[in-house]
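Chemist: Take a look at the letters that make up each chain.
Protein chains: 2
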Amino acid sequence: MPVNLVAPDPKSLLPVAGVALGVAEANIRKPNRKDLLVIRLDDGAKVAGVFTQNRFCAAPVVVTRQHLSMLDPAASIRALVVNTGNANAGTGKDGLGHARQTCAGLAELLGCTSVQVLPFSTGVIMEPLPVERITAGLPACIADLRADNWYRAAQAIMTTDTLPKATSSQAKIGNATVTITGIAKGAGMIHPNMATMLGFVATDARVSLPLLKGAVAHAAKHAFNCITVDGDTSTNDAFMLIASGKAGMDELGDAHSPDFVALRDAITEVATRLAQAIVRDGEGATKFIAIRVEGGRSEDECRKIGFAIAHSPLVKTAFFASDPNLGRILAATGNAGVTDLDVEKIELYLDDVLVARHGGRNPDYQEADGQRVMKQSEITVRVVLNRGGSSAVLWTCDMSHDYVSINADYRS
Amino acid sequence: MPVNLVAPDPKSLLPVAGVALGVAEANIRKPNRKDLLVIRLDDGAKVAGVFTQNRFCAAPVVVTRQHLSMLDPAASIRALVVNTGNANAGTGKDGLGHARQTCAGLAELLGCTSVQVLPFSTGVIMEPLPVERITAGLPACIADLRADNWYRAAQAIMTTDTLPKATSSQAKIGNATVTITGIAKGAGMIHPNMATMLGFVATDARVSLPLLKGAVAHAAKHAFNCITVDGDTSTNDAFMLIASGKAGMDELGDAHSPDFVALRDAITEVATRLAQAIVRDGEGATKFIAIRVEGGRSEDECRKIGFAIAHSPLVKTAFFASDPNLGRILAATGNAGVTDLDVEKIELYLDDVLVARHGGRNPDYQEADGQRVMKQSEITVRVVLNRGGSSAVLWTCDMSHDYVSINADYRS
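Line by line, the protein sequences are chains R and C. Per this note's numbering: the first sequence = residues 18 to 429. Per this note's numbering: the second sequence = residues 18 to 429.
Since the hints were made in silico from the structure, they are not lab data. Treat the hints with caution; some may be incorrect.
Note: identical chains are not told apart, hence a pair may lie in one copy or across any two.
Mimicking DSSO-like on lysine-lysine, the simulated pairs with C-alpha atoms at most 27 Å apart in a straight line are [claimed, not checked]:
(1) 392 <-> 47
(2) 392 <-> 28
(3) 47 <-> 230
(4) 110 <-> 362
(5) 238 <-> 321
(6) 28 <-> 230
(7) 51 <-> 28
(8) 362 <-> 47
Let the hints inform the model, and build the full structure from the sequences given.
Modeler: Following this line, the structure appears as structure tokens:
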């Protein structure tokens with residue numbers, strides 16, 4: 018059961034001019050489920066992405082990067098193709114061949130070159146990709162292409178997700194109103210490092226490619242790179258940002274202009290909603306936990322401490338039990354690798370409750386207050402380091418019996 | 018249920034001349050359980066230790082370090098005192114006072130100074146230590162002091178352990194036969210960094226203090242620092258090595274002498290048995306897993322990769338399910354932070370079964386072979402990097418429903 022997450026209202030998902038989506042049931046791993054998605058872009062769209070830092074990066078990630086770098090500057094990306102059920106990772110040279118075969122098949126149907134197609138996969142690792150089923154399913158995706166298909170697209174990329182993840186936003190950029198719509202998938206193997214799992218965000222804004230790359234990096238850093246479910250970085254993480262350029266506006270080309278900053282922030286807000294939806298739907302999650310680390314010397318040390326807390330199985334199981342066993346949070350803080358940390362200076366809050374200070378329990382702390390907060394489904398842990406002016410916020414979930422069940426049964 | 022671990026035969030635990038142990042039921046957290054241990058040393062014993070690197074290190078660890086450094090060279094440590102039920106960690110200045118009060122109480126009973134007593138605690142974090150119960154329990158420990166009390170001592174330091182952990186060994190050093198006997202506790206919050214949880218090993222060998230320090234560091238590195246249950250480094254880790262000097266032999270003073278190396282290796286063997294017993298009794302463990310990483314450029318990178326595999330919740334739950342979902346091991350390998358790793362060169366074995374090579378599945382690999390190995394209660398994962406001559410071996414366990422249950426219920 019996801020934490021305070023509902024399926025988006027399909028009508029709330031705004032079409033993005035120049036972007037059409039089509040899905041199909043291609044029987045890639047299991048029958049009777051949408052498992053193939055094509056996102057077709059009109060000519061002239063710009064695309065930028067960030068990818069997993071895992072050294073075992075999946076074949077489609079390798080091919081997507083190659084295609085983005087090989088693309089003739091006069092040409093544009095015409096389609097993205099996404100399959101679930103099989104990650105095409107840990108599949109060696111055959112996997113690269115299968116990813117390229119997928120692109121070639123779609124390029125032929127769309128009348129473009131292979132390089133103009135970007136492939137994405139998610140699912141089981143180290144199984145051969147059933148590429149024939151994918152190419153056989155592509156015509157059905159093409160037949161299904163529609164601008165108002167974002168909800169079904171979000172469904173088609175789900176694996177262990179219990180709900181589709183999609184959101185829309187509009188922003189006023191100069192005199193134009195631009196639309197931003199995105200989808201994402203992910204519930205486990207979530208500890209993004211540059212990007213998470215799969216996220217696709219499209220806007221009709223007109224923006225130069227360098228600025229689009231800046232926007233995708235910014236949104237990844239402040240949204241997807243701030244979440245963790247289990248500390249495992251996937252082989253297939255990719256977060257893609259599409260700008261179709263169909264909005265009636267001049268192209269944004271100045272990274273410091275208020276218009277670009279407004280667009281970038283609107284995109285980051287959409288990415289944040291998607292990232293938080295992934296945590297809310299975290300495998301076995303029963304609680305949504307924000308971890309704010311403040312007063313650090315650098316953002317980096319704040320993130321280090323935040324992730325040490327967010328990754329600790331002992332902290333996560335204590336949240337599952339609603340047990341204010343808060344010494345575990347102190348232990349994780351001391352364990353984050355910040356070697357000159359002065360524990361005497363640290364304050365620990367659960368929401369508004371001051372739990373610990375001066376290296377020990379706050380004398381005024383009442384277990385009943387901790388218990389009250391721990392029973393909530395949304396909790397903020399605040400660690401104040403009192404040694405500088407930097408801060409960071411991360412989002413995570415608890416660890417339950419169901420996390421073990423889901424991951425012990427995933428393949429069977 | 019621990020993995021292939023039984024309680025030691027009390028008769029197999031050899032007394033160490035110059036070392037007596039006494040236990041008591043002091044009602045520190047729960048009634049009717051042994052929760053207090055005194056280890057009394059004859060005059061002239063040498064003691065060295067390694068301790069947790071957690072910045073929130075517990076009050077008794079701070080005091081033990083102080084006492085070791087403050088000790089008059091002409092004097093010797095006369096006692097160690099260990100309580101369970103309360104870690105005296107995250108307890109600020111009061112905690113330091115309580116640890117010192119414990120030492121003072123025991124020093125008075127033994128007729129020595131406080132500095133000659135070393136305190137250790139394990140149990141719940143961030144609760145005030147009930148020091149009056151400890152001092153009230155000390156006379157019963159004194160009355161119970163016996164050289165052949167190692168089994169009951171191992172029982173007295175248990176927390177979530179299901180079985181006591183103790184072992185003995187004898188080694189021929191020159192013409193003397195020396196005895197080495199040790200006990201340890203630990204089942205969760207296990208990812209030692211310098212030392213683990215609590216381990217106490219005593220020998221009657223005569224050895225200089227610098228060499229004793231070398232031996233404790235060596236044994237920690239090759240035994241306790243090679244295990245992990247859940248990746249959480251405790252606030253209270255301590256591994257203490259005692260040399261009573263009662264064996265009829267000249268004092269060892271040369272770190273390169275064959276006699277010292279033989280003693281050091283015998284101590285390391287005892288420490289390894291204790292460390293492996295901790296993993297076998299890991300919270301909720303159903304499988305004992307050795308992870309060998311070979312062919313690395315440095316031992317450090319081999320350990321990094323080994324721990325990335327050993328800490329991955331996805332790998333650990335796959336072992337619990339006996340599911341040869343081995344892509345998760347490749348993903349964890351790629352995720353270890355060895356940024357120039359060439360995944361094309363890596364071979365992955367499960368026991369003798371070659372699972373993956375050249376960045377993908379071994380064409381000859383049969384799922385049935387992987388399944389056969391995964392069903393065993395003892396499994397060796399071997400990752401061959403093929404880029405150098407270094408290697409490392411670590412020991413860990415799987416992650417089961419019971420891990421979550423134990424840690425969600427630990428305080429209640």
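Chemist: Please go over all the hints and tell whether each is borne out by the structure.
Modeler: Now the hints, each set against the structure:
no.: 1; hint: 392 <-> 47; result: between (38 Å within a copy, 26 Å between copies)
no.: 2; hint: 392 <-> 28; result: neither (34 Å within a copy, 49 Å between copies)
no.: 3; hint: 47 <-> 230; result: neither (36 Å within a copy, 60 Å between copies)
no.: 4; hint: 110 <-> 362; result: between (53 Å within a copy, 13 Å between copies)
no.: 5; hint: 238 <-> 321; result: both (14 Å within a copy, 25 Å between copies)
no.: 6; hint: 28 <-> 230; result: neither (29 Å within a copy, 70 Å between copies)
no.: 7; hint: 51 <-> 28; result: within (20 Å within a copy, 65 Å between copies)
no.: 8; hint: 362 <-> 47; result: neither (54 Å within a copy, 33 Å between copies)
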